[in-house]
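Trainee: Sequence:
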Amino acid sequence: MIDITNPLTADYMGLTLGYSSSAAEEIAKTVPGAHVVKAFNTVLAQVLAEGPAFGNGQTVPVFYAGDDAAAKQTVRTLIDSLGFTPVDAGGLQNARYLEPVAGLNIYFAYGAGHGTQIAPTWIHRT
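Residue numbers are given in the working numbering: position 93 of the sequence shown equals residue 678, and the series is strictly consecutive.
Treat the hints as calculated values from the structure; they're not laboratory data.
We treat Cβ as the ideally placed atom computed from N, Cα and C, and that holds for glycine.
The hints are all genuine.
Label-pair ranges, simulated between beta-carbon atoms:
1. LEU667 to THR701: 11 to 21 Å
2. GLY642 to LYS614: 36 to 46 Å
3. GLY700 to THR670: 15 to 25 Å
4. SER666 to GLN631: 13 to 23 Å
5. GLY700 to ALA655: 31 to 41 Å
6. GLY668 to ALA595: 26 to 36 Å
7. GLY618 to TYR695: 34 to 44 Å
8. ASP653 to TYR682: 17 to 27 Å
9. GLY618 to GLY698: 35 to 45 Å
With the hints as constraints, model all of the structure from the sequences given.
Mentor: Right, dumping it as C-alpha coordinates:
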(Lines of atoms letter the chains of each structure in order from A and count residues from 1; the text may use other names and numbers.)
(Lines give C-alpha, C1' and ligand atoms only; values in the text may rest on other atoms or scores of the structure.)
Protein backbone atom coordinates (compact mmCIF):
# COMPACT_ATOMS: atom_id res chain seq x y z
CA MET A 1 0.00 0.00 0.00
CA ILE A 2 1.42 3.37 -1.00
CA ASP A 3 0.60 6.19 1.39
CA ILE A 4 0.71 9.55 -0.38
CA THR A 5 -1.09 11.48 2.37
CA ASN A 6 0.06 14.32 4.57
CA PRO A 7 -1.58 15.00 7.95
CA LEU A 8 -2.25 18.68 7.34
CA THR A 9 -4.26 21.12 9.38
CA ALA A 10 -7.38 22.67 7.83
CA ASP A 11 -5.41 25.70 6.59
CA TYR A 12 -2.65 23.46 5.08
CA MET A 13 0.02 25.33 7.02
CA GLY A 14 0.70 22.78 9.77
CA LEU A 15 0.74 19.08 10.61
CA THR A 16 -1.69 17.24 12.85
CA LEU A 17 0.82 14.44 13.57
CA GLY A 18 4.54 14.35 14.10
CA TYR A 19 7.43 13.45 16.41
CA SER A 20 5.96 10.22 17.82
CA SER A 21 3.99 9.01 14.80
CA SER A 22 3.13 9.78 11.19
CA ALA A 23 0.11 9.37 8.95
CA ALA A 24 1.86 6.40 7.34
CA GLU A 25 2.41 4.68 10.68
CA GLU A 26 -1.19 5.32 11.70
CA ILE A 27 -2.43 3.84 8.42
CA ALA A 28 -0.20 0.80 8.96
CA LYS A 29 -1.78 0.31 12.40
CA THR A 30 -5.29 0.32 10.94
CA VAL A 31 -4.46 -2.21 8.22
CA PRO A 32 -2.59 -5.03 9.98
CA GLY A 33 -0.51 -7.11 7.60
CA ALA A 34 -0.36 -4.42 4.91
CA HIS A 35 3.08 -3.39 3.72
CA VAL A 36 2.79 0.38 3.81
CA VAL A 37 5.30 2.48 1.89
CA LYS A 38 5.27 6.27 2.20
CA ALA A 39 5.89 7.79 -1.23
CA PHE A 40 4.94 10.69 -3.52
CA ASN A 41 3.81 12.84 -0.57
CA THR A 42 6.59 15.41 -1.02
CA VAL A 43 5.67 16.03 -4.68
CA LEU A 44 2.89 18.50 -5.39
CA ALA A 45 -0.03 17.21 -7.47
CA GLN A 46 0.74 19.78 -10.18
CA VAL A 47 4.30 18.44 -10.52
CA LEU A 48 3.02 14.86 -10.67
CA ALA A 49 0.62 15.90 -13.44
CA GLU A 50 3.30 17.74 -15.47
CA GLY A 51 5.84 14.93 -15.16
CA PRO A 52 9.26 14.37 -13.66
CA ALA A 53 11.49 16.48 -15.91
CA PHE A 54 12.15 20.13 -15.13
CA GLY A 55 13.50 22.31 -17.92
CA ASN A 56 16.88 22.66 -16.24
CA GLY A 57 17.85 19.01 -16.76
CA GLN A 58 16.80 17.98 -13.26
CA THR A 59 14.41 15.16 -12.53
CA VAL A 60 12.05 15.35 -9.55
CA PRO A 61 13.02 13.01 -6.71
CA VAL A 62 10.37 10.88 -5.02
CA PHE A 63 11.34 9.91 -1.49
CA TYR A 64 9.95 6.61 -0.23
CA ALA A 65 10.09 4.88 3.16
CA GLY A 66 8.89 1.51 4.38
CA ASP A 67 9.77 -1.52 6.45
CA ASP A 68 9.18 -4.30 3.90
CA ALA A 69 12.04 -4.69 1.39
CA ALA A 70 9.88 -6.27 -1.33
CA ALA A 71 7.20 -3.59 -1.04
CA LYS A 72 9.86 -0.87 -1.19
CA GLN A 73 11.37 -2.45 -4.30
CA THR A 74 7.94 -2.49 -5.97
CA VAL A 75 7.45 1.20 -5.16
CA ARG A 76 10.98 2.02 -6.33
CA THR A 77 10.23 0.29 -9.65
CA LEU A 78 6.98 2.26 -10.00
CA ILE A 79 8.71 5.57 -9.27
CA ASP A 80 11.45 4.77 -11.77
CA SER A 81 8.96 3.64 -14.44
CA LEU A 82 7.21 7.01 -14.18
CA GLY A 83 10.51 8.79 -14.84
CA PHE A 84 10.98 10.21 -11.35
CA THR A 85 14.17 9.64 -9.34
CA PRO A 86 13.57 7.17 -6.49
CA VAL A 87 15.26 8.08 -3.20
CA ASP A 88 15.19 5.50 -0.41
CA ALA A 89 14.42 7.30 2.86
CA GLY A 90 14.73 4.24 5.10
CA GLY A 91 12.12 2.66 7.33
CA LEU A 92 8.49 3.66 7.70
CA GLN A 93 9.30 5.59 10.88
CA ASN A 94 11.08 8.10 8.64
CA ALA A 95 7.67 9.13 7.29
CA ARG A 96 7.81 11.35 10.39
CA TYR A 97 10.44 13.36 8.48
CA LEU A 98 8.93 13.11 5.00
CA GLU A 99 5.59 14.54 6.08
CA PRO A 100 7.14 17.78 7.44
CA VAL A 101 9.21 18.08 4.23
CA ALA A 102 5.92 17.94 2.33
CA GLY A 103 4.44 20.54 4.66
CA LEU A 104 7.38 22.85 4.00
CA ASN A 105 7.00 22.34 0.25
CA ILE A 106 3.31 23.22 0.50
CA TYR A 107 4.21 26.35 2.47
CA PHE A 108 6.76 27.40 -0.18
CA ALA A 109 4.23 26.78 -2.97
CA TYR A 110 1.21 28.47 -1.44
CA GLY A 111 2.19 30.38 1.70
CA ALA A 112 5.38 31.94 0.31
CA GLY A 113 4.06 32.30 -3.22
CA HIS A 114 6.67 30.24 -5.09
CA GLY A 115 4.00 28.50 -7.14
CA THR A 116 3.29 24.83 -7.66
CA GLN A 117 6.12 23.89 -10.02
CA ILE A 118 8.62 23.22 -7.23
CA ALA A 119 9.96 20.09 -5.58
CA PRO A 120 12.30 19.37 -2.66
CA THR A 121 15.63 17.72 -3.36
CA TRP A 122 19.00 17.07 -1.79
CA ILE A 123 22.22 17.86 -3.59
CA HIS A 124 25.42 15.85 -3.27
CA ARG A 125 28.91 17.28 -3.29
CA THR A 126 31.31 15.05 -5.23
